[in-house]
Amino acid sequence: MTIETRALPVATDLTRPFWLAAKEGKLVIQHCTSCNRNQFFPRPFCLQCLSPELEWIQSNGTGSIYTFTINRRGSDPYMNARVPYAVAMIELDEGVRLLANIVDSVLEQIQIGGRVHVTFEALTEHISLPQFRLTSEQTA
Amino acid sequence: MNPLLKNSVAIVGAAESDLGKVPGMSALELQAQATYRALQDSGLTLKDIDGVFAHTDDKMAAMLLSEYLNIKPRYMDSTNVGGMSNVLHIRHAIAAIAAGMCSVALITYGSTQLSSSTRKVGGAFDDPRSPAGQFVAPYGQLSPIGYYAMAANLHMHRYGTTSTQLAEVAVAARKWAQLNPLAYKKEPLSIDDVLNSPLIADPLHTRDICLVTDAGGAIILTTKERAKDLRRPPVYVMGIAESFSHHYTPFNVEDWLDTSVAETAQSAMDMAGVSRQDIDVVQIYDHFTIGVIQALEELGFCKRGEGGDFVSGGRLAPGGAFPINTSGGGLSYNHPGMFGMLLILEAVHQLRAEAGARQLSKAEIALVHAPGLVFSANSTMILGV
Numbered sequence: 001m002t003i004e005t006r007a008l009p010v011a012t013d014l015t016r017p018f019w020l021a022a023k024e025g026k027l028v029i030q031h032c033t034s035c036n037r038n039q040f041f042p043r044p045f046c047l048q049c050l051s052p053e054l055e056w057i058q059s060n061g062t063g064s065i066y067t068f069t070i071n072r073r074g075s076d077p078y079m080n081a082r083v084p085y086a087v088a089m090i091e092l093d094e095g096v097r098l099l100a101n102i103v104d105s106v107l108e109q110i111q112i113g114g115r116v117h118v119t120f121e122a123l124t125e126h127i128s129l130p131q132f133r134l135t136s137e138q139t140a
Numbered sequence: 001m002n003p004l005l006k007n008s009v010a011i012v013g014a015a016e017s018d019l020g021k022v023p024g025m026s027a028l029e030l031q032a033q034a035t036y037r038a039l040q041d042s043g044l045t046l047k048d049i050d051g052v053f054a055h056t057d058d059k060m061a062a063m064l065l066s067e068y069l070n071i072k073p074r075y076m077d078s079t080n081v082g083g084m085s086n087v088l089h090i091r092h093a094i095a096a097i098a099a100g101m102c103s104v105a106l107i108t109y110g111s112t113q114l115s116s117s118t119r120k121v122g123g124a125f126d127d128p129r130s131p132a133g134q135f136v137a138p139y140g141q142l143s144p145i146g147y148y149a150m151a152a153n154l155h156m157h158r159y160g161t162t163s164t165q166l167a168e169v170a171v172a173a174r175k176w177a178q179l180n181p182l183a184y185k186k187e188p189l190s191i192d193d194v195l196n197s198p199l200i201a202d203p204l205h206t207r208d209i210c211l212v213t214d215a216g217g218a219i220i221l222t223t224k225e226r227a228k229d230l231r232r233p234p235v236y237v238m239g240i241a242e243s244f245s246h247h248y249t250p251f252n253v254e255d256w257l258d259t260s261v262a263e264t265a266q267s268a269m270d271m272a273g274v275s276r277q278d279i280d281v282v283q284i285y286d287h288f289t290i291g292v293i294q295a296l297e298e299l300g301f302c303k304r305g306e307g308g309d310f311v312s313g314g315r316l317a318p319g320g321a322f323p324i325n326t327s328g329g330g331l332s333y334n335h336p337g338m339f340g341m342l343l344i345l346e347a348v349h350q351l352r353a354e355a356g357a358r359q360l361s362k363a364e365i366a367l368v369h370a371p372g373l374v375f376s377a378n379s380t381m382i383l384g385v
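Sequence lines, in order, name chains S and A. Those letters in the first sequence? Residues 1 to 140, by this note's numbering. Those letters in the second sequence? Residues 1 to 385, by this note's numbering.
The shape of chain A in the complex, shown without the other chains:
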């Protein structure tokens, strides 16, 4: 993205909806609740919002939310590219604000996948004529689980990565969750507990796989000029990048362990003018334990093939040499179908030094990395205060 847009907008409001299991609320109501809290956080009102970016299971989510909150936006975007969608919305909002198409952007997500049991383990292959409908669905592939299980097998085959190393990621996440009052899973979790949890798709066990919870969230973005006068310290978007590869049929991806993460990481860091050594806070979408190991390698925090060693010995956990995913992540905090919003919110909490017992001692620059669908898309964002 144009480097002149570095720090051009800031996150000025940020809030979670109720989390965990919220049986009495709809996904829309979770978004409205999070929006209310984000507005309270920022000091702005509904009347200030003129751009709406939203996604839920509804394809026209931004219209649904705008109708519900009686917002008449000048710009809207309901793009859904899987878990990273809200990161994509931030990038699109920066462009829209720069182009004068809106000035205060509301970005939301909400899901009641736990309470409404709408999670489809088989994936969203609704059209039997689509490529995935014809060439994936008949084979009983779990999606996304099966694809990441296949990537894990490939990683193990190529680099000798072990199930114990994968389990390290889940154990570290649980230790962070134990410091987070809003975490869904807090009971102690050992390496053996992960290894002894039922296999779902080899080599991934139940505890290698993210939670299914209800949750929502909202953030409000506006120009750096306007951000200065608001209630909370602005969290600037220093750099951001996205890339796309495929939908649910990755037959043409040459190397499943090289999924264009490196490009988005470099592009975002170039825009921000920072290097890896400058980054204090790392939030990586942990849908699966293997995903974190693979992302650490592709992001360049360790060499290719060394991710298993890199995460071992509790290095990702509280007190470890490379603390990441301080909320407890999708593995232990909450995972409402698409975790991107909660990943962003945790980075904001760290940068605003409001993360309580899990607060990192130095938190001035954060990297957020999220993929979408089955390593189908990638987004990397650098935030700073």
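Chain S extracted, bound-state conformation:
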């Protein structure tokens, strides 16, 4: 039996604010109110100073491509139907990294260091996936 649906995240109590925000079109990350550091992915306390006083802050959604690849083979049947697609490690301007697809962009124009901004891809009624697209000046 093949899986024809996309691999979907399942939120925990800790990560639910991230996914709820994404559904509203906002990218949020954890910020430590004690030592001022940001962290991603979510943890129950600050890994730097052990403070449990973490708040969710909204990222301005911009960053640059740390590195990337173009997939010619999908990770599952659902993604196989969507090749070629780009997977990139994004470094947000707030200093944390996350994985995403580069969407709505010309694949040949993706490069390391390229500027990107967040967009959201609705997967289900409840889940929207943060994605990134190349900023317009690069695609011009």
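Watch out, some of these pointers could steer you wrong.
Simulated DEER-style distance windows between Cβ atoms [stated by the list, open to error]:
1. A:His157 - S:Glu24: 54 to 62 angstroms
2. A:His157 - S:Arg43: 26 to 34 angstroms
3. A:Met60 - S:Cys49: 49 to 57 angstroms
4. A:Arg276 - S:Cys49: 35 to 43 angstroms
5. A:Thr164 - S:Glu55: 32 to 40 angstroms
6. S:Glu24 - A:Gln266: 44 to 52 angstroms
7. S:Arg43 - A:Asn2: 53 to 61 angstroms
8. A:Asp192 - S:Leu14: 22 to 30 angstroms
9. A:Arg304 - S:Gly113: 13 to 21 angstroms
10. A:Thr206 - S:Cys49: 45 to 53 angstroms
Non-contacting residues of chain A with respect to chain S, defined by C-beta distances greater than 12 angstroms in every case (computed) [as the list claims (entries may be wrong)]:
11. Leu5
12. Leu46
13. Met101
14. Pro131
15. Gln134
16. Gly146
17. Arg315
18. Gln359
Quick caveat, the hints were computed from the structure, so don't treat them as lab data. Here a beta-carbon is modelled for each residue, glycine too, at the ideal position from N, C-alpha and C.
Please arrange chain A on chain S, whose structure you already have, making use of the hints.
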């Protein structure tokens, strides 16, 4: 590791199971077969074994194997940290033997990934609530392929490394495989063949990526005192080190081209009391061509960024200035999901001067380097005779 433990144990038995495509056997049966052959090699019996270290796709592999062979060990370890797991088991066995928890350790691996088609290209993100399940799996990242493709892109961007240089690694591996009767892929392979093979995740082509085969292996370790009276020349563990960074979500790894290989290499060489110039045999886990280039740099055999030049002109191939991965490696010999066992076995064959047409002229000290998962863990081991 405590330098007093240098040469405290030796590999006294070593054997592969059947390799390549073995459709009629289970992973457990491959381990049992390799164990039988390793025991024959050593002259020891099942009754001598009191420590069992194993891993397969089963999380309780050491219990499974012990039940199957009716071994009642005093110590067991089924730790799975990816491809390097059997190197880790050797280090743990040294500690266990030193602590008196066991005296003869059996270390095995077996996999039928080819025959049973169990290789998951998408990686093992079974729990959709895990960090990788939430923040990696939805993006269709191939794992581990995608992460090493990303590292290759970074290497190319930073240092100007080329796909042709990556292909050199695959071509050298194939030339070694042609000297190995047990190799799975032996047909001629050129740089152009690698470059013209289908891209899987840019810039990695099919031939930049290791094989998927069935295979298993076993080694038997015991104290240096006991090793002296056994059938085969002891292969001593001179130095060994391991390090850990992450699981399948390397978001917090600052530099993907600096993955703590240097630390394990230095630590293992310090324990062994050897320098790079002393090493005759180098076995580097070649899951991907980029992995070899990156490891050569991080191990200190060439400068950072010079790995592409270092491997060019057939330098890694038979007759080259820096021959490595003499079995043909994971790229052309066999790669049963986790290559660590076969990497160790090839070092043993070289040190025991039983490698046939691929035997290196001088083989007294060997370096084995293996990572686990997606540059998540590292192990370096120095063996000597």
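Hint check:
Our hint of 54 to 62 angstroms for A:His157 and S:Glu24 is violated, since their Cβ atoms are close to 35 angstroms apart. With their beta carbons about 30 angstroms apart, A:His157 and S:Arg43 fall inside the hinted range of 26 to 34 angstroms. Roughly 38 angstroms separates the CB atoms of A:Met60 and S:Cys49, a value that falls outside the hinted 49 to 57 angstroms. Judged by the Cβ atoms, the range 35 to 43 angstroms given for A:Arg276 and S:Cys49 holds: they are separated by roughly 40 angstroms.
The supplied range of 32 to 40 angstroms is broken by A:Thr164 and S:Glu55, whose beta-carbon atoms lie about 50 angstroms from each other. A hinted range of 44 to 52 angstroms for the beta carbons of S:Glu24 and A:Gln266 is consistent with their spacing of about 49 angstroms. Here the CB-CB span from S:Arg43 to A:Asn2 is close to 34 angstroms, at odds with the stated 53 to 61 angstroms. The given range of 22 to 30 angstroms is broken by A:Asp192 and S:Leu14, whose C-beta atoms sit roughly 51 angstroms from each other.
Distance hint check: the CB atoms of A:Arg304 and S:Gly113 are about 19 angstroms apart, consistent with the given range 13 to 21 angstroms. At roughly 47 angstroms, the beta-carbon separation of A:Thr206 and S:Cys49 lies within the given 45 to 53 angstroms, and the hint holds. The Cβ of A:Leu5 lies farther than 12 angstroms from every Cβ of chain S, with a closest approach of about 33 angstroms, so its non-interface assignment holds. Chain S leaves A:Leu46 outside its interface by the beta-carbon criterion, the shortest separation being 41 angstroms against a cut-off of 12 angstroms.
Here A:Met101 stays apart from chain S, with its beta-carbon at least about 34 angstroms from theirs, past the 12 angstroms limit. At roughly 5 angstroms from the closest C-beta of chain S, the C-beta of A:Pro131 falls inside 12 angstroms, breaking its exclusion from the interface. The non-interface label for A:Gln134 is inconsistent with chain S: the shortest C-beta to C-beta separation is roughly 4 angstroms, within 12 angstroms. With 12 angstroms as the threshold on Cβ separation, the claim that A:Gly146 sits away from chain S is violated: the shortest Cβ distance comes to roughly 5 angstroms.
With a minimum CB-CB distance of about 27 angstroms to chain S, A:Arg315 clears the 12 angstroms threshold, and the non-interface call stands. At roughly 38 angstroms from the closest C-beta of chain S, the C-beta of A:Gln359 stays outside 12 angstroms, upholding its exclusion from the interface.
The structure is inconsistent with the numbered hints 1, 3, 5, 7, 8, 14, 15 and 16, although it conforms to all the rest.
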